[in-house]
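Peer 1: One letter stands for each residue in the lines below.
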Amino acid sequence: MSEILSVRNLKIEATSYPPGEPPKTVTLVEDVGFTLEKGKVLGLIGESGAGKSTIGLSAMAYGRGGVRITGGEVMLDDKDLLTLDRAGIRDIRGRRVCYVAQSAAAAFNPAHRLGDQVIEATVRHGILSRPEARKRARHLFRVLGLPSPETFGDRFPHQVSGGQLQRAMTAMALCPNPELIVFDEPTTALDVTTQIDVLAAIKHAIAETGVAALYITHDLAVVAQISDHIMVLRHGRMVEYGTTQQIIEAPKEDYTRALVSVRQTLREEAKDQSARYLSIENVTAGYSNSLRVLHDVSLHLPKGQTLAVVGESGSGKSTLARVITGLLPPIDGKIVFDGETLPAALKNRSKDQLRRIQMIYQMADTAMNPRQTVRDIIGRPLSFYFGLSGKEKTARVKELLDQIEMGARFLDRYPAELSGGQKQRVAIARALAAKPDLILCDEPTSALDPLVAEGILTLLARLQDETAVSYLFITHDIAIVRAIADAVAVMYRGRLVRFGPKSKVLSPPFDDYTDLLLKSVPEMEIGWLERVLSERRMESGGY
Amino acid sequence: MPFKTQPRKTFSLNAIPLSAMIGLAGIAIALICALFAPWLAPHGETEVVGPIWLPMSSEYLLGTDNLGRDLLSRLIFGARTTIFVALAATVISFSLGMLLSFTAAVTGGFVDQGLSRLNDLMMAIPTLIFALVVLAVLPQNIWILIIVMAILDSTRVFRIGRAVALDVAVMEFVEAARLRGEGSVWIIFREILPNTLSPLLAEFGLRFAFSILFLSTLSFLGLGIQPPAADWGGMVKDNKDGIIFGISAALIPGTAIATLAICVNLVVDWLMKRTSSLKGGRGDV
Numbered sequence: 004m005s006e007i008l009s010v011r012n013l014k015i016e017a018t019s020y021p022p023g024e025p026p027k028t029v030t031l032v033e034d035v036g037f038t039l040e041k042g043k044v045l046g047l048i049g050e051s052g053a054g055k056s057t058i059g060l061s062a063m064a065y066g067r068g069g070v071r072i073t074g075g076e077v078m079l080d081d082k083d084l085l086t087l088d089r090a091g092i093r094d095i096r097g098r099r100v101c102y103v104a105q106s107a108a109a110a111f112n113p114a115h116r117l118g119d120q121v122i123e124a125t126v127r128h129g130i131l132s133r134p135e136a137r138k139r140a141r142h143l144f145r146v147l148g149l150p151s152p153e154t155f156g157d158r159f160p161h162q163v164s165g166g167q168l169q170r171a172m173t174a175m176a177l178c179p180n181p182e183l184i185v186f187d188e189p190t191t192a193l194d195v196t197t198q199i200d201v202l203a204a205i206k207h208a209i210a211e212t213g214v215a216a217l218y219i220t221h222d223l224a225v226v227a228q229i230s231d232h233i234m235v236l237r238h239g240r241m242v243e244y245g246t247t248q249q250i251i252e253a254p255k256e257d258y259t260r261a262l263v264s265v266r267q268t269l270r271e272e273a274k275d276q277s278a279r280y281l282s283i284e285n286v287t288a289g290y291s292n293s294l295r296v297l298h299d300v301s302l303h304l305p306k307g308q309t310l311a312v313v314g315e316s317g318s319g320k321s322t323l324a325r326v327i328t329g330l331l332p333p334i335d336g337k338i339v340f341d342g343e344t345l346p347a348a349l350k351n352r353s354k355d356q357l358r359r360i361q362m363i364y365q366m367a368d369t370a371m372n373p374r375q376t377v378r379d380i381i382g383r384p385l386s387f388y389f390g391l392s393g394k395e396k397t398a399r400v401k402e403l404l405d406q407i408e409m410g411a412r413f414l415d416r417y418p419a420e421l422s423g424g425q426k427q428r429v430a431i432a433r434a435l436a437a438k439p440d441l442i443l444c445d446e447p448t449s450a451l452d453p454l455v456a457e458g459i460l461t462l463l464a465r466l467q468d469e470t471a472v473s474y475l476f477i478t479h480d481i482a483i484v485r486a487i488a489d490a491v492a493v494m495y496r497g498r499l500v501r502f503g504p505k506s507k508v509l510s511p512p513f514d515d516y517t518d519l520l521l522k523s524v525p526e527m528e529i530g531w532l533e534r535v536l537s538e539r540r541m542e543s544g545g546y
Numbered sequence: 024m025p026f027k028t029q030p031r032k033t034f035s036l037n038a039i040p041l042s043a044m045i046g047l048a049g050i051a052i053a054l055i056c057a058l059f060a061p062w063l064a065p066h067g068e069t070e071v072v073g074p075i076w077l078p079m080s081s082e083y084l085l086g087t088d089n090l091g092r093d094l095l096s097r098l099i100f101g102a103r104t105t106i107f108v109a110l111a112a113t114v115i116s117f118s119l120g121m122l123l124s125f126t127a128a129v130t131g132g133f134v135d136q137g138l139s140r141l142n143d144l145m146m147a148i149p150t151l152i153f154a155l156v157v158l159a160v161l162p163q164n165i166w167i168l169i170i171v172m173a174i175l176d177s178t179r180v181f182r183i184g185r186a187v188a189l190d191v192a193v194m195e196f197v198e199a200a201r202l203r204g205e206g207s208v209w210i211i212f213r214e215i216l217p218n219t220l221s222p223l224l225a226e227f228g229l230r231f232a233f234s235i236l237f238l239s240t241l242s243f244l245g246l247g248i249q250p251p252a253a254d255w256g257g258m259v260k261d262n263k264d265g266i267i268f269g270i271s272a273a274l275i276p277g278t279a280i281a282t283l284a285i286c287v288n289l290v291v292d293w294l295m296k297r298t299s300s301l302k303g304g305r306g307d308v
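Chains A and B, in that order, give the protein sequences. The first sequence: position 123 = 126 (the numbering used here), numbered continuously. The second sequence: position 87 = 110 (the numbering used here), numbered continuously.
In case anyone wonders, no lab produced these hints; they're calculated from the structure. Any given hint could turn out to be false.
Here are the computed lysine to aspartate or glutamate pairs in the DMTMM-like style, where the Cα-Cα straight-line distance is at most 20 Å [unchecked claim]:
1. Lys354/A / Asp135/B
2. Lys138/A / Glu153/A
3. Lys306/A / Asp341/A
4. Lys507/A / Asp187/A
5. Lys396/A / Glu198/B
6. Lys43/A / Glu188/A
7. Lys274/A / Glu256/A
8. Lys507/A / Glu256/A
9. Lys337/A / Glu284/A
10. Lys354/A / Asp143/B
11. Lys350/A / Glu198/B
12. Lys138/A / Glu211/A
13. Lys43/A / Asp231/A
14. Lys14/A / Asp83/A
15. Lys206/A / Asp187/A
16. Lys438/A / Glu205/B
17. Lys43/A / Glu33/A
18. Lys350/A / Asp292/B
19. Lys438/A / Glu408/A
20. Lys255/A / Glu50/A
21. Lys350/A / Glu68/B
22. Lys306/A / Asp335/A
23. Lys438/A / Glu469/A
24. Lys296/B / Glu420/A
25. Lys350/A / Glu205/B
26. Lys354/A / Asp368/A
27. Lys438/A / Asp480/A
Quantities reported herein were computed from a predicted structural model and do not represent experimental measurements.
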């Protein structure tokens, strides 16, 4: 067997500087080892902080920021990368090992044409001459299924879509004909409908060129489609390592089992969905008369139920939330809430109308003032809407903290001192503090790891049972919709494509877009990608 | 201090870095001089004690000036006017500039345009000429001097304040506050101000040093502090001719200005680090 990469006893450390304390050495990765054969793909999977990117980068003998590789060996063929000097490492990077970053939009220089950037490293290393490299780039564009491969390289990064940019980056990595490519979450930032195309293109290109790859992701269903082996990581240590089939079908460890079975909690939909507690009537909205984002959208939601709004980015689902809150008054149509028509603009709404509709954002980081403690963040709606102060207010804040399963010890923490899941929980408590009747959830779990997201969803479901609050849940994740929704609205390019009870919307016959959307959600099944590509009726919108 | 420190962490002297200690000590000395000038100074502020430009000696520790007055005494009395005028002007210019710029950034639209263009108009006129014209017309009074300096300086504060506030005003927590129904006052003082303190503090240190220099310039041109009252800038002017004859008297008040400016900035740097470290990782640790 021809081993291309072999990592043994890898140990990676970093120095952290907590404010007001002496610097500490933190071990990020310990005792990790694996081998990778020519033409094979190893999937590295784990939640954020598991060390998967750090391990991936160590294959290029690179440590981000203050990260140091302090032990073990990284053998590329028979050369230990960790013993090489700087010139030796430079010779390897971009020639024998290449890297594909998560955010292609941030990784490309906006001032240069794509073609020049794709061949830059190859020409620099003297592997190919400029005309030869251009020819190879055109060939790779074709392999990766990019449109008009002859002229694609003449475009600038802003002239192509996110999915195309990610494929261009893969072409850049493949251009010098490397032995190993490190893919660092290449599809995480993409819509599901775009992700499937990029995934297929990457898989095809790997098969075509016979390159070995490390594929880093947090989505087990994605990695199942592309890799031969999977390594599950947690807290910088290996949890389980095996063939893809073994990990998916017969996981040995509890943690892996949790990852495989995540989001299979199903919630029965409500029987009677005819009530119109919140009713959106023929809403057309946009940022100017020529730029309309929503076209004639009508929806309704009964009390105590959940309406999921799904669609890809740019479909207008977040704009819908802005219209309901009053941040963006609609051009036409109206919002009726609990029998009364809400004033279109935020400033015309009464304090009580504002109180009854609360919002939870996607990024809890930016949704909370970093200079306020948890006590202030949750306490403000209490004093603002109900005039609470002093002991009474503190008691209520503690009560809310208990409700979100956190507890009083978090009272005086700043948001920066909380984990991602805890931040989102505090944001939920802030919304709850107002005793709302409707909470608009704008992708509250899409920035979180699967198991943490699961916890948030369970919490939201429990709160709905306790307080009979209604949710308008914006998401692009069909699995979440299946788990929590009563009714579903599918949006595409600002129009409502499908709306009704979950059981109806998610069962055939489908319109073309819903069909594409449903089929694009990766399933925990080997061979799913090929099956779907052969079955679908419509090309994805981000193409 | 106008910002909230972390309540859980008890304040201890050990937590202050050496650079900030030096800065604090320097400011303390200057303030003590300013407050207790009549008791500390060996001679009177305007008293002629001997021949001009005497070198340093045990009787006149820093020598005498161009009229034969004791330099040390004038330096101590000068600390009063210099620090008071510069500090008052800087504080007023910051209050004014920040209030207007934050209002412009939060309100937007017509208010923002109006204030910003008015600010551009003010900045288009050279500061010194503007100050000369205004001060020549208005009566000679220390408060008028302070207000004129403050208003002229606040145009710069407005620029920076609006830029940093705009960055914060588009964040989701500000949107969340608006959705809650909060008024502009809460949004400005509770949501935006605490998140813009770091750049504004840095600017404060710089502006304070500039206003000492600006006061000196005005005094030099005869429109600032009126003789025979002492201020550091005016003392540099009085003694500048001595430099030609190798007499260092002008350098002494000059050094005092530089030292005070450095001390203020050392303290400001430390405050900046303290405030930015709360953001979690965004501070320069």
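Peer 1: For every hint, state whether the structure bears it out.
Peer 2: Structure-based check of all given hints:
Restraint check: the Cα-Cα separation between Lys354/A and Asp135/B comes to about 26 Å, which exceeds 20 Å; the hinted pair is violated. For the hint linking Lys138/A to Glu153/A, the alpha-carbon distance of about 9 Å falls within 20 Å, and the restraint holds. Between Lys306/A and Asp341/A the alpha-carbon distance is near 9 Å, which keeps this suggested pair within the 20 Å criterion. Taking the CA atoms of Lys507/A and Asp187/A, the gap is near 38 Å; set against the 20 Å cutoff, the hint is violated.
Using a Cα cut-off of 20 Å, the hinted pair Lys396/A and Glu198/B is violated, with the two alpha carbons roughly 24 Å apart. A C-alpha spacing of about 18 Å is found between Lys43/A and Glu188/A, which places the hinted pair at or below 20 Å, so the restraint holds. The suggested pairing of Lys274/A with Glu256/A is violated, with an alpha-carbon distance near 39 Å, which exceeds 20 Å. Restraint check: the Cα-Cα separation between Lys507/A and Glu256/A comes to about 37 Å, which exceeds 20 Å; the hinted pair is violated.
The suggested pairing of Lys337/A with Glu284/A holds, with an alpha-carbon distance near 5 Å, which does not exceed 20 Å. Proposed proximity of Lys354/A and Asp143/B is contradicted: the alpha carbons are some 38 Å apart, above 20 Å. Among the hinted pairs, Lys350/A with Glu198/B is consistent with the structure: their alpha-carbon atoms are about 13 Å apart, no more than 20 Å. Taking the CA atoms of Lys138/A and Glu211/A, the gap is about 17 Å. The hint holds against a cut of 20 Å.
Distance check on the hinted pair: Lys43/A and Asp231/A sit about 6 Å apart at the alpha-carbon level, within 20 Å; holds. Pair hint Lys14/A plus Asp83/A holds up; C-alpha atoms about 15 Å apart against a cutoff of 20 Å. A threshold of 20 Å between alpha carbons decides the hint, and for Lys206/A with Asp187/A the separation of about 15 Å falls inside it, so the pair holds. Of the supplied pair hints, the one linking Lys438/A and Glu205/B holds, its CA atoms being roughly 17 Å apart against a limit of 20 Å.
Between the alpha carbons of Lys43/A and Glu33/A the distance comes to roughly 24 Å, so the proposed pair goes past 20 Å and is violated. Distance hint between Lys350/A and Asp292/B is unfulfilled; the C-alpha atoms sit about 40 Å from each other, more than 20 Å. As the CA atoms of Lys438/A and Glu408/A are separated by approximately 18 Å, the hinted pair is consistent with the 20 Å bound. Among the hinted pairs, Lys255/A with Glu50/A is consistent with the structure: their alpha-carbon atoms are about 18 Å apart, no more than 20 Å.
A C-alpha spacing of about 61 Å is found between Lys350/A and Glu68/B, which places the hinted pair above 20 Å, so the restraint is violated. The straight-line distance between the Cα atoms of Lys306/A and Asp335/A is roughly 25 Å, outside the 20 Å bound, and the hint therefore fails. A distance of roughly 12 Å separates the Cα atoms of Lys438/A and Glu469/A; the hinted pair therefore holds under the 20 Å criterion. For the proposed pair Lys296/B and Glu420/A, the alpha carbon gap of about 17 Å is at most 20 Å, so the pair holds.
A hinted pair counts as satisfied when its Cα atoms are at most 20 Å apart, and Lys350/A with Glu205/B qualifies at roughly 10 Å. For the proposed pair Lys354/A and Asp368/A, the alpha carbon gap of about 26 Å is over 20 Å, so the pair is violated. A hinted pair counts as satisfied when its Cα atoms are at most 20 Å apart, and Lys438/A with Asp480/A does not qualify at roughly 27 Å.
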